[in-house]
Structure formats: structure tokens, C-alpha cells
Amino acid sequence: MSELFKTPLHSWHVGHGARMVPFAGWDMPVQYAGILEEHQHTRTKASVFDICHMGEFKLRGAKARDALSRVVTHNLDTLGPRRCRYGFLLNEQGGIIDDCIVYCMADDEYMLVVNGARIDTDYAWIKSHLPEGMFFENISDMTAKIDLQGPEACRVLNEATGEDWSFLTYFSFKRTEFDGDPMVVSRTGYTGELGYELYLREDKAQALWELLLQNPLVRPAGLGARDTLRLEMGMALYGQDLDEKHTPAEAGMSVFLKSPADHIGKARAFDVRESLIPLVLEGRRAARHDDPVLLPSGEPVGRVTSGSFAPSLGHAVALAYVQAEHAEATQFLVGKGAKPLAATRGTLPFYTQGTARVKL
Amino acid sequence: MIPKDLLYAKSHEWALVEGDVATVGITQFAQEQLGDLTYVELPEVGDTFEAGSEMGSVESVKAASEIYAPVSGEIIEVNAALADAPEIVNQDPYGEGWLVKFKIAADPEDLLSADEYEELVAQDAH
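Protein chains in written order, with numbering that gives the first Met the number 0: chain E, 0 to 359; chain H, 0 to 125.
Same shape as in the complex, but just chain E (with noise of 0.2 Å):
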């Protein structure tokens, strides 16, 4: 096995006592005081989280938002500059390749945000598609993402910056400076809460890691909270409740297939085989990602691809795939050998009182 990727708060981490884990091929904390804690901690004041393990692109080019239009399911054409959007890569199969923020920078250049352990593969893809001689760069490497989620998250961030934040929407984004150097301001994230996605300069990180933590509001979580906050809010996970196999309306996302540019995969986006359904559990067992799901009768349905406690609601819930044809059932059971779990069908979010799109 290859070295682990290190981000450029490694160090910090490992000298807070936090407990860090392979994730994507990168060492990172995914806990530093517990998972439950850091979790309530979001859900109340802000915490930040080392997510410089995910992949930035850009693009730039007079015929950019043709070109990536050609690539991704995102409606270009009504994403102008400051705003960003989410949407997939898909492959000829209407597959997801990845999902990713698209944020527009200018009216000729675009950031791309990807999952860490699908940048090579996104890279590559992207490339082949795009025409010859049109810049487009991996500035992973030299980009630092911190988000700070939470209902303070706002307060925090003008504390921090000098600056009043208050005036940003969901899903816009600002650029700035930190410390000299240009930074990017997105009020977005991943865990349902008011809150922000901070990119910059790599070598910028641990100074903007610390002067956030000045804040006694603020705690780092690692990337055990990040999961439970995001299953709670229903947030799909590359790799688990997202893949090659299954296209956006199977994962319940067709309302991201906007684009009236005929990307790549576009025919087959729209292919239904399986679907994506959340599952409500009565206790505190949790279903784990591959176990199978059966309807009450017995018969086998399909798998859990994301399950977990869900700390903000006290029992545990699940994303599962199951047949399309079964996918309106609403009890089900999840295999444990000889004692299953009895599972409703739910509703997303699980978790309905996050601030994330909240007025300031």
C-alpha cells in the first residue's frame, strides 16, 4: 500500500490527540474529543474540519461554459459568477463518475470541487473531454478547504475576518483575501448546518485553522462527525450511496440533471433500475453499509450503502439501494443473521431543524 497523503494540518492534528484513520488515501482525524460530542457541537455553535483532501480544479477559457458544459450535468447557462452549483460527472451510461461544485469565478472561469479519491480520475476525464489548448489546471495541491459549519458559523467568520458575511445566500460565494492571499468564501456545506467552505492557499491553512479556533464557539471534528451529520441530512457519499453503477435518479437526485446542454451521459441519466430510499430504524442498532435489505417477507431487495446512530434523533437511520420496483414498499427489514432490523421507509432530511439555509 502507498504512503498516505498527508493534509497541511496533519501535524496539528496528531499533536491535538486526534485519532486518524486511512480516508481516500489520505491520514485524517476522524475524531479528536468523540464523534458524538463534535457532532452536538455542530448542530449548536461551529466546528471546523480539515477537508483538504478534496480536489480542486479550474478552468478558465472564452469557451469554458461550453466546453464544461459538454462534461457535467449542471446548468451553466443560469450560473453566473459568485454563484455555485451542485451536480455529477456522469460516464455514457448516465453513471456518476463523481459528484461536484461547480462554482463560477467569471463568465470565462470555473472552479470545479471533487471528491478526494477521484481527482486523478476526474482530472483525466475532464481533460480527454475538453477541447485542445483550453487551460484547465489541478490546483489541488495548492489548495487548503476548511469548512466551519454550525448556527454561529456566521458570527464566527466576521470575528475572524474583520468582515460581515451576513449577506451571503446559500450556494453564493465570495472572493477575498486572507492574510494577503486570495480566499474563497462559500457559504455551503455538508452537514445541514449554517456554514461556509474556505479555500486558499495551502500554506495558509493552519493559520486560519488556528485564528478560527481562537473563537471559544469553535471545536475541530473530524470525519467521523462529518458522517453522521451528512447521513442525518440525507447527503449522499461518493463511493457508498454514490457510483459508477447507478445514475442520479436512481440516487434520488434527478432535480440535479437541469442542464439543457447535452453532457455527457444525459440519455441514460434518467435509467432506473435500482433507487436510493432513506430508512428509518426504531432503535439504536444501526444498519451498516452492505448489509442486504429484505421486504418483511423475506425476499432480498437489495443493500445498505450508508447507515449509522444518528445522534441528533436518537435512533439509527440508513440509505439503502433496492429495486425501483419495490422502492415505494414502506417496511422493510435489515439482514443481521438471525436478528433483523425492522426499517420504515422515511423521508429526507431525517434531520429537518438544520440552519444551512437559514436568513441572516
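Take these hints with a grain of salt, some might be off.
[To be verified] Estimated spans, in silico, between C-beta atoms of each pair:
| # | chain 1 | residue 1 | chain 2 | residue 2 | range |
| --- | --- | --- | --- | --- | --- |
| 1 | E | Gly238 | H | Lys9 | 33 to 43 Å |
| 2 | H | Ala105 | E | Gly297 | 39 to 49 Å |
| 3 | H | Lys9 | E | Arg82 | 49 to 59 Å |
| 4 | H | Ala62 | E | Thr351 | 24 to 34 Å |
| 5 | H | Ala104 | E | Thr351 | 50 to 60 Å |
Calculated directly from the structure, the hints in this document are not laboratory data.
All C-beta atoms, glycine included, are put in the ideal place defined by N, C-alpha and C.
Based on the hints, put chain H in the right spot on chain E.
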């Protein structure tokens, strides 16, 4: 750190033997390795187990692990508080976070002393 008056299983359960009753839990090392517990599955009063057989399980956000009976005997009490508050095991694994009490059927065998267990944990940590 590791209480001297307890006996330990290699699978990281502890037993406090008082007469023919053994109180059983998981160790500090076990709860640290698992992280915040979210679910504890315990046997029922009246169930009987051979030492070394699976008697329940614990789950954390990221992991699940079986619990093995460190002694042979019949369950005479379970810690009902853990059903809604498994975090007690994290907070006080050798005290309030006990799991079950056994009426032991035979003298415990193959359990480690505190010193022996400490050595085992030191090895596991590497």
C-alpha cells in the same frame, strides 16, 4: 489505571468475582478503541453462557464488536440503564458502565491478572 481487583479476558472484558457472583463489563482500552458507544446488546436474565462464547455486542458510530462471556454461568442481572444511555460505558467502564452479573457455574479459567492484561494492552497498542 487498570483496576487490580478484577480479572480480564483477552477479548477485553473484565470480571469482578465476589463469591459465586461475577460482575462483567468491557475495559477502558476496549471502550477507547470503540469510541462513543451508541448501542449495547445484552443477554436476558436466565440466559446461560460458557466462558468464551458470545453473549452480546456493542456498537459505536464507526464500529461494532462482540462481547464474550469471561466466565461460565447464568445471567442474574443486566444493566438496564445502558439501553438508553450506552455512553455510560464510555464514561465509567469499570463502575456504572458494568454490563451484566453472572451466577458463576465454575471457577474462572484462563483469565488474566491486571498486570498480565496491562502487558497485553501494551502489545495491542503497537
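Going through the hints against the structure:
A hinted range of 33 to 43 Å holds for the C-beta pair glycine 238/E and lysine 9/H, which are about 35 Å apart. For the pair alanine 105/H and glycine 297/E, the supplied restraint of 39 to 49 Å holds, since their beta-carbon distance comes to about 40 Å. Checked against the hint of 49 to 59 Å, the pair lysine 9/H and arginine 82/E passes, with Cβ atoms roughly 58 Å apart. Checking the proposed 24 to 34 Å range against alanine 62/H and threonine 351/E shows it holds: the Cβ atoms sit about 28 Å from each other.
Alanine 104/H and threonine 351/E have their C-beta atoms about 51 Å apart, which keeps the hinted 50 to 60 Å range intact.
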